[in-house]
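**Q** These protein sequence lines map, in sequence, to chains L and A. Sequential numbering from 353 applies to the first sequence in our numbering. Sequential numbering from 2 applies to the second sequence in our numbering.
If you are wondering where the hints come from, they were derived from the structure by calculation, not from laboratory data. All C-beta atoms in this analysis are idealised placements derived from N, C-alpha and C, irrespective of residue type, glycine included. Accuracy of the hints is not assured; some may be wrong.
Unchecked claim - According to the in silico footprint, chain A covers these stretches of chain L (three or more CB under 8 Å from chain A): (1) 458 to 468; (2) 559 to 569.
Stated by the list, open to error - Computed far set for chain A versus chain L, every beta-carbon distance over 12 Å: (3) Glu45; (4) Val138; (5) Tyr191; (6) Val283.
Stated by the list, open to error - Here are some chain L residues pointing at chain A (derived, C-beta under 10 Å): (7) Leu500; (8) Tyr527; (9) Val529; (10) Ala596; (11) Val649; (12) Ser651.
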Amino acid sequence: MSTNTSSPAATPAVGRWQRLRDSYLAYSFKRDWGAQLCLAILLGLISMALLAPWLAPTDPYDLAQIDILDSELPPFWVDGSDARYTLGTDAQGRDLWSIILYGTRVSLLIGFGAVLLQALLGVVFGLMAGYLGGRVDAFLMRLADIQLSFSTLMVAIVVGAVVKATLGGAFYSDYAVLMLILIIGLAEWPQYARTVRASVLGEKRKEYVDAAKTMGLGSRRIMFRHVLPNTLTPIFVISTVQVANAIISEAALSFLGLGMPETHPSLGSLIKAGFDYLQSGSWWITLIPGAVLVVLVLSINLLGDWLRDVMNPRLYKG
Amino acid sequence: MIAFLTKRLMHALLVMFVISVIAFAIQGNLGDPIQQMVGQSVPESERAALRDQLGLNDPFHVQYLRFAGNALQGDFGYSYFYREPALEVIARHLPATLELVFGASLLIVLLSVPIGVFSAIKPHALLSRFFMGVSIVGISVPVFLTAIILIQIFSIGISVTLFPGSTAWGAWLNAALSTQGHMPSFGRGYELVHVMGHWDTNLASFDGLKHLVLPSIALASIMLPLFIRLIRAEMMEVLQSEYVKFARAKGIAPRRIHFLHALKNTMLPVITVGGVQIGTMVAYTILTETVFQWPGLGLMFLDAINRADIPLIVAYLMIVGVIFVVTNTLVDLIYGLVNPTVKLTGKPA
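For reference, chain L alone in the conformation it holds in the complex (with noise of 0.2 Å):
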């Protein structure tokens, strides 16, 4: 597969920066308004999730600063809200602003720390399959693909729910940031491993890499200095819908009690601890932070569909 964002720098002296400027990708990202509308999208929730701490006007976490009668006050667009509150509160009465910005913040986090293992698995496991074959080969893919027919939520369920009972729910608690990301990551590595094995396959027929051959170069050196940077194009464009997808399961867990505690919640959890308010009429603790998450999510997809769209090379080079 031909890439062209990592063709080899022929002139050192144009720079990267120089390069992705003029590069395809730049160019129909200027052209593309809606794609640069999910990108300012995206950037703005990222950093509103990072400056989190600076931007909320309460600390959820601090229990001193909430009070149990400010309690499900509405949004301030409705009757009967409060000034202090400019989204309303949630049945524990802590700001929902706050919170939601909080739980963007936990959000992201598990999505992308949970992509980075995905990708790490995924990538040794997906070169070690189409590089080596073999043995290798079929006993990596035929775990992909039970794991795959599993559904990677229903395998996250499972593994999820065993973790809990295991260690406990007041350990799993403790370190659910860490658990929901080692949960995610060992769920959705198939993906991955599939997508990298594909064109490993593909590059390894080339000629470059019968020349490293020849030079006696090991095939570790190999794998991951030659043929790995070919295969970055397909890793990145599956990156994008990973990180949508890790942060929706990761909202499923919480949701269904397997994720982030309502302490120090995520989008999912706060879905969730809203949802048993519903029926009394208090939308917004539940449908607020459902908005966000459907907006984050939405902007990575559509992002990625652009994307995939242009660096499918047979679609313009074609």
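For this one, chain L is given, so just place chain A on it according to the hints.
**A** The following block gives chain A in isolation, referenced to the frame of chain L:
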């Protein structure tokens, strides 16, 4: 054919073996069954006796063989919570889930084929763009959130006061956008019709069907976009192929080309993906049933986890494993039968 069948069956058996080992390992390590079965006041000596009696002190492989032998005879032990055979509990909850999956599948099949085909034939039409836009939003909304939004709109109701109520058009718009919640939001209702055994159906009474509507839509919402996009992509590819061009050149009516010649080859990959998606569907029933308190397998599984009801968890995993393996094998066989290019001999091409 025989070789292909044998190979698939061997694969299926291997997968079932792996699942059973995992399920059994869970059984051995999850929670403390004694604590679940007896109260606080039971002394340690009696607990130890019970532990011995249940065979919890035997070595791993002895326990596994006993477990596998019992499982083959349909004996997954007693549920700690329901105090009846785990398989019995599952059989009681299975019809509810199957009816939910049936409702969702019906929606998916009825909607995805026409929408997918239409947006492939007319990719630039306004309606196709609308469907594509809706489908990417659909993928991005988690299923439990779709369910919550459906409950808010159709069973709690929303009153819109966005437009000025004093003007006639404002009042009309407000009324048009507001909904009165009258759809049931939880459970299967009380007007179930008994069919046979554990099977009480929602499908035979108006009230039962009403209870089925929202959960089915929620469950379908996550798969529908996927199928629409898949059918569209496959159809567009098929429409580029030589035989379709030839059929056009021959002067065959476009409708006949689209729905007879092209659709046939479009559905091939859809069958495979559909089979694989059954696994995803089972995972999503857990979420859907949790939101709607639908008394099916998913809700039962989640309750079993919270109660550390290990035999029930293990039985669920095994039954779901069987469902996966059987459907995946069947899909592979059907695919092999309908697609003449698949080598049934099992030899590499």
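**Q** Can you name, in rising order, the numbers of the hints this structure does not satisfy?
**A** Violated: hints 1, 2, 4, 6, 8, 9.
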